[in-house]
Structures are given as structure tokens and as C-alpha cells.
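Asker: One-letter residues, chain by chain:
Protein chains: 2
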Amino acid sequence: MNPTQTEITPENTRIGWIGTGVMGASMCRHLMHAGYQTTLFNRTKAKAQPLIDLGAGWVDNPAQVAAASDIVFTIVGFPNDVKQTLLGDDGVLSGLAAGGTIVDMTTSQPALAQEIAAAAAAKNCSALDAPVSGGDVGARGAALSIMVGGPKDEFHRLLPLFSLMGRTIQYQGLAGSGQHTKMVNQILIATGMIGVCEALLYGFKAGLNLESVLKSVSAGAAGSWSLSNMAPRLLKGDYQPGFFIEHFIKDMGIALEEAKRMNLSLPGLSLAEQLYLATAAQGHSKSGTQALLLALAKLSNVDWKEN
Amino acid sequence: MNPTQTEITPENTRIGWIGTGVMGASMCRHLMHAGYQTTLFNRTKAKAQPLIDLGAGWVDNPAQVAAASDIVFTIVGFPNDVKQTLLGDDGVLSGLAAGGTIVDMTTSQPALAQEIAAAAAAKNCSALDAPVSGGDVGARGAALSIMVGGPKDEFHRLLPLFSLMGRTIQYQGLAGSGQHTKMVNQILIATGMIGVCEALLYGFKAGLNLESVLKSVSAGAAGSWSLSNMAPRLLKGDYQPGFFIEHFIKDMGIALEEAKRMNLSLPGLSLAEQLYLATAAQGHSKSGTQALLLALAKLSNVDWKEN
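As they're listed, the protein sequences go chains A and B.
Residue numbers for the first sequence follow our numbering, beginning at 1 and rising by one.
Residue numbers for the second sequence follow our numbering, beginning at 308 and rising by one.
These aren't lab readings, by the way, just hints derived from the structure by calculation.
Do not take every clue at face value.
Claimed, not checked - Cut-off 16 Å, straight-line C-alpha distance, at most; resulting in silico cross-link-like pairs (EDC-like, lysine to aspartate or glutamate):
| no. | chain 1 | residue 1 | chain 2 | residue 2 |
| --- | --- | --- | --- | --- |
| 1 | B | 512 | B | 610 |
| 2 | A | 205 | B | 564 |
| 3 | B | 512 | A | 303 |
| 4 | A | 205 | A | 89 |
| 5 | B | 557 | B | 580 |
| 6 | B | 430 | B | 377 |
Excised from the complex, chain A in its bound form (with noise of 0.2 Å):
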């Protein structure tokens, strides 16, 4: 931390959220908790009444919310929600006072991070990605992963707000890395999933009992998060969403974008996203990324309800 930057506090510092959905809304009210003063926006009002109840201010644009914040934070879908949030006509560098940061944690585009920081820069003002991994769950328990990209002494002197959010609070470089990390998170997630689904399927077709399978292979060589929390979902069909498959689309798509930028070949997150298309196609696009296995029963006709 520069010595001459004063420590955030509630006291000291105005907070701006955009993005109140499953994630943001949890995420905010943590800041709110710990006594931050905070101004809102959100596309649809309604999802932020539970934090303008607690509290928080509400305004009609990114604009108007910078205008009020030293700094704002942004959780929003898709890499062109962030553009317009942030870069747009009554976005947020609009309305930023000099010395404002931008931390969009939305999971994006790191070249589109590159761009943010470098028109940050040029109003003076600071920015980071830090996009996150942990889940709905983790929002909720302030047990997040967040990956960080920018100035480092930004980072360090956000940490007291990061550390009301998440656990796992890691800067990884410039700007952009905080994305490419979640890049490299969701590549593992991606490719990791085809394997849980058909190894599940194999057995099915086998005959084996799947609960006594789960136990002789989840604990070594074989084991990941993947196979502790989502085959027991799928044994019991559960197709609910902790992270939608539309959302995983646009990260695998963002992944493979920069991928090709890089002259990167990467076959497995190739067909990964192949079969989470064929998934969304056979309307699943808001169903959880375990439902995967349907795409791939279906590919073979197995009958996986049956289990």
C-alpha cells in the first residue's frame, strides 16, 4: 500500500454497486453490513428492493451512481453489459470523479478489462478486474475466490473490501489477469465435467451401483469438487442451476476467443463447449452445468432418468 493512502473505512469511503443479482446482492450486503454507505443500480429495481430496505441508496443510472462513489463495484451478465455499464453514455467513467476505482467483477472479457483500465487511466482514475468463483453459496458465506487484475497498489488497498466478500483473495497481475485466471478456473470446471458425466454414464450402462461407486473413486486420484457435489445432484436428478449453463457458454466462448488470439489449440475446452451448445439446445440453458450428463445420455440413447 502507498503510505501516504489513507485505510478504507465506512468513515472514509462512499461505496457504488451495480449487478444485484444471486451473486452481486449477497456480495453488496456484506459492504452494507460493515457499515458502508452505498448507492445503487440495477437494470431490474426490483432484484435490489432487499438492499434499498437495508439501506441503500437507489439512483437511475451507472452514471448517477459513480457521481455518489468513490468506488464502484459491477457484477453484471454479459461482456457487453459491462462495456455499456462501464464505458457506455451514462456509464460509470461518465459520472467518476478523479481518484474513483472501477472493480468489475463480472466474469468478462480480459481484453475488454485492458480497455477499461486504460480509459480508467485516462480520467485518472483506477481500475480492477476481479471476477470471482464460489457460487451463489459463497457470496452467501463470504468464502469467495476473487482472482485481481490492475495496479497492485490498488489492490492491496481494496483488500479490507475484498475481504468482507471472499476468502481466497489473490492478485494476479496487470490488468486483464484477474480474467484470465477465471479463464483458467472455468477451463478446469469445463473439461472436468465431461469426465464426472461420463464416467457416471459408463457405470449406469454397467450396471454398478452408482452410490458405492461414488465411494471407492471420490476420495483418490479420481476425485475433484466436481465428483463430491455434482454426481450426487445428478444421481438424484437434480438439474438445478447453481451456476447456469447459459453463463458457462459465454465464459467457455471467452476462453476459446482468447485462446485463438494466443495461438492456443485447446481440443478438451473445444468439446467441452460443443456439448454444453448441444446441452443448451436440447433446452438447458438455464439448467445447472451438471445437466451436461443429458446432452451425453441423449447422444447415446440411455435412458439416464431410469436411474
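Could you slot chain B onto chain A? The hints should help.
Answerer: Here is chain B on its own, set in the frame of chain A:
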């Protein structure tokens, strides 16, 4: 357990052991340390010498092992070795007295396990298929996962012996079910390893600090045994075998052959097999499974060794 059966003890049961490679030698040693009289055979006698020095008897072929034993364990290389060792001219079944038991702990074909079980039953003997996971470390520490198929009462009768070698010992069903369960295990590892290697290559090309990335992604939804154990080795350029690629290619071949027989398409496993064949073609058949990264690196002309 059949209440008329006597519990297995070193006083009433003679053990035979065939296959004293890295895994087999450790597993056999645990039985000997518990006091079991043991008769050995191995294709390469030198590898059995430490156990002979501990007091095991040496004979010249599997039939002679069987003639001196009540229960014969085998853990050899490929399915053809299993077939030769158990069903061949000087094989175990030609020497085993009625009432004897065969336990094949090789990772092998489910169909062959069924053939062995039938041949054993025809001689009033029993057979269990009991492949393991946990590698050399698990074998040394008696911490293996042992996945057992065959007659359930025989599984229960032999539990005192399995408990000397493993920590997770699970009955999986009739003959072949232990092998099928091991295939589930290998499908998970194979496809998961693609994800680990692609994720590291992505992060490397993006210029990230991979140690720092692992801190962000290892503990959450992207976490796995492979990531925690293999990624650090890859960052050090360590391709030493915990498990040989040539053996993994054997296992994937068995799983894909069984899947084909069951009319099950496994695109992820098929891709893994192709990538591992490429890794072997590049001179890494005796490297550890993590060396898959090198084939993916070569595919995109990435100079990973500069990492």
C-alpha cells in the same frame, strides 16, 4: 460372512502372490508382515528377491504357486498377462485345489474377469476381481482404494486381507464389477487431466504467474486431486511416473472397448486416448500421466520448458 466359515488368519490360510512390481511388492509385504505364509512367482525373479529375503517361498510358475496356496493374488501387467497367469497351461487354475480363491488385482478387462470367474466356478473355486487405485504411495501406506467384484460372501471372507492393503474397500457387485468401477476411476482421471493441462497452458500463454493462479483455483469448484498433485509437478518440469502413460493407454483402451460393447459414446475419453497416444508417440510412454501437457504444448508450439 457364511457363519460356518472360519475367519481367515495366518494360522489357517496360505497366501500365493504373483506379480511383484512396484505395487504388488508393497501389497504382498503387508500380508507377510501380518504373518501370512506366502509363496511367490514373478516373471522377473530379481524383483521378488526382497520378499524372498523376508521369507517368502519361490516357485517356478503360477500353477506351483496355486498348489501351495489357499488364496492366490495376482497383479500383473496387461489383460493377456492376466489370462496367461490364471488360465494358461501352467496357470493358477491348473494348480489350485477345490475351495481355493483367486483375487486378480490387475486393472484388466471386465469381460475377462467374468471369464475367470466362470472358469474358477467350474473347478469349485472362487474368483474376485479387485483392482486398486492409489498408486505406489497408496500401496506402500496400505491406503489403497480396492474395488471388488465377485461373490459377496467371498468378499466378506477376504476382508481381513484387503484391510491389510487398503483403506477404502468397497464391494461393487458380481464378477467384473470391480474392473468396471476402476474404469469409472480412469475415465475421471483421463478427462480431468486434459483440463489440468489445458488450463496451465492457457495461463502460461496469458503470461500469468501459475503458482499464484493455483492459489486462486485449487480450493474451489475447479479443484481436483489431479490439479493439487500434478500441477505442481508440471510447474517444476517433473514428468516422473506416478503412473506410466503406457499403462494408462491400456486402461483407456479397455474402457473404450467396453463402452463400444455397451453402445456408449464417450467423446471426452476418446479425445483423451488420442492425446495420450500422441504423448506416447513423442517418446513419453514411460513418463507419468501428467506428461500429457507436453503433447498439448507441442500441438500449439508452446515452449513449456521455458516456464
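Asker: Give a verdict on every hint.
Answerer: Verification of the hints:
| no. | hint | result |
| --- | --- | --- |
| 1 | 512(B) <-> 610(B) | holds, 10 Å |
| 2 | 205(A) <-> 564(B) | holds, 13 Å |
| 3 | 512(B) <-> 303(A) | violated, 41 Å |
| 4 | 205(A) <-> 89(A) | violated, 56 Å |
| 5 | 557(B) <-> 580(B) | holds, 9 Å |
| 6 | 430(B) <-> 377(B) | holds, 14 Å |
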